[in-house]
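*Asks:* If you read the sequences in order, they're chains A and B. When you line the first sequence up against my numbering, it's residues 1 to 282, in that order. When you line the second sequence up against my numbering, it's residues 1 to 302, in that order.
FYI, nobody ran anything at the bench for these hints, they're computed from the structure. Keep in mind that a hint or two might mislead.
Okay, derived cross-link-like pairs now, DSS-like style, lysine-lysine, Cα gap no bigger than 27 Å in a straight line [to be verified]:
id, chain 1, residue 1, chain 2, residue 2
1, A, Lys-16, B, Lys-201
2, B, Lys-186, A, Lys-16
3, A, Lys-276, A, Lys-188
4, B, Lys-15, A, Lys-275
5, B, Lys-105, A, Lys-165
6, B, Lys-186, B, Lys-15
7, A, Lys-165, B, Lys-186
8, B, Lys-201, A, Lys-165
Not everything, but these chain A residues come out facing chain B in the computed CB check (under 7 Å) [claimed, not checked]:
id, residue
9, Ala-126
10, Ala-176
11, Thr-177
12, Thr-260
13, Ile-263
Since the structure is predicted, the reported quantities are computational estimates derived from the model, not experimental observations. Think of the CB as a built atom: it goes at the ideal place given N, C-alpha and C, for glycine as much as any other residue.
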Amino acid sequence: MNINKVEEGIFKVLMKASTLLVLVSLFLIIYSILRKGLPSLSWAMITQTPKGGFFLGKGGGILNAIVGSLYLAGGSTILGLFISLPVALYLNIYRTKTSRFADFTRLCLDVLWGIPSIVYGAFGFAIMLLIGLKASLLAGIFTLTLMVIPIMVRAMDEVIMTVPKGLIDASYSLGATRFETSLKVVSKQVLPGILTAVLISFGRSIGDAASVLFTSGFTDRIPTSLMQPAANLPLAIFFQLSTPIPEVQDRAYASALVLTLIILIISILSRIATKKFTKHKV
Amino acid sequence: MGKIDFYHRRLWIEKLSFWAMKGLTYFSITLLFLILIGLIYKSLPILQETSLGHLFFSIEWQPLKMKFGLLPFIISTLYVTTVAIIISVPLCLLCAIYLSEYADKRIIAFVNPLIDILAGIPSVIFGIWGIIEVVPLVRDFIAPAFGTTSSGYTILTGGIVLSIMIFPIIIHVLLEVFETIPTDLKNASLSVGATKWQTVKFVILRKAAPGVISAVVLGLSRAFGETLALLMVVGNVIMIPISPLDPGYPLTALIANNYGEMMSIPLYDSALMLASLILFVIVLIFNFISRRILKNIERKIA
């Protein structure tokens, strides 16, 4: 038995253990949330808005937070899509793939991606004060959109890059303009990729709390207009957890379970979209 | 006539869409600078009032008395991040080496989606998990083992939670870096009689060193900016933490906890904006450096 073999053996075990640990941490998190959340999850919780004094332990549910989350994430994802898709197309169709400008844009977007969401929150809040907007659904959507743009653009950029140049040239040679090519040929080709980008952004914005902490406000009611404040799930969890009443804390665990389930569903959907995408790759 | 109009319409659409796309692209670049300028503008009032040195190195945080010392918060942030990196990096490195060099396809196909799912789990869920599992662990087992008592809401707890949050990003970047190492290089090493592990140790890791550094730096910057999960588990006591079993109060938690109520006190919001600016600048520099390194690696390969 030589020393090299022993060393390799030891490290192999360590490597497997590390990989296992990473996976176990995921299962542990999901298990904890299930264990704590499942007993207090009820139909009433997800179908009712809070009754007065919800945080004091009286009845009601978190429908306001669920709907608020969907509004916030949905709004910002749709708005983000209308900004991100043109940018991603511009980088790939109107600029040559390796131009300096495109490189610089990608670098800026990557850096934007890394900026903490609390900084987006603070920035959004400053803008809100500047234009005299109150904490509202609109302000929340606006802030989340800024956060989601880099994620979406980079995700779409990655898939648009894989579109074969021949396909684009063929479209040009038939007399299509660059806009027609981008919209009718390239976008269609990468549709599942776009869907994945949308789902990733949706998941990110539904789970983010720091950026909407000051911008979307919090309310017990379901917002009926863009100018009203809106609740969201992460904040509902956070607030419920900070009360000393055990019953309310249990609801926080149940809310966490709801949020985790939503995230898992999104995650699975985006996996399916990605699979579909790789299957039809030219 | 109709045909010409149609032709012109298409060209107009082409022109309009070109300018719209160009505009949006410039907007997304400008966003970065817009945030920077906005934060600087908002934090100017306090910078004019107090010296930067005083803000950074004073431990007194009493907004009502106009004392805004950020040192406890800066130290807490650095401390928690360091703990998270120390736990995370060796594990991620081993995991990434295993996945890229040793594991067979079926294992990779099983592990990759799970890491993606971990990456998608919201911060607040990590926070709640920290409260359910890690806080009692630290309070009942780790603290007594070191002969102290602790509430469980400590720097160490924050570091553990944070380390798991940054697993996916570090592993992801590491895997990409390992992928860029040419197969020829590995084969050359193997063909002169090196074992697989020797190849990993002397060839792959050496070749990948800049990439490994940039993966760590990206993880670092993610850990720096994490808010909610940390807020829930580090205790939020304004003090300079000495032992990992002391509570801390990171910058992000400071901003999140106080933003709503600062409007009535002069300079308070400016101080918090300065805290955001510090976070922004640090993360900006970290990201910039590591992206540059990664870009260079890609270019060398191509």
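*Asks:* If a hint holds in the structure, say so; if it does not, say that too.
*Replies:* Checked hints:
no.	hint	result
1	Lys-16/A x Lys-201/B	17 Å, holds
2	Lys-186/B x Lys-16/A	21 Å, holds
3	Lys-276/A x Lys-188/A	13 Å, holds
4	Lys-15/B x Lys-275/A	36 Å, violated
5	Lys-105/B x Lys-165/A	30 Å, violated
6	Lys-186/B x Lys-15/B	51 Å, violated
7	Lys-165/A x Lys-186/B	32 Å, violated
8	Lys-201/B x Lys-165/A	40 Å, violated
9	Ala-126	5 Å, holds
10	Ala-176	9 Å, violated
11	Thr-177	4 Å, holds
12	Thr-260	6 Å, holds
13	Ile-263	6 Å, holds
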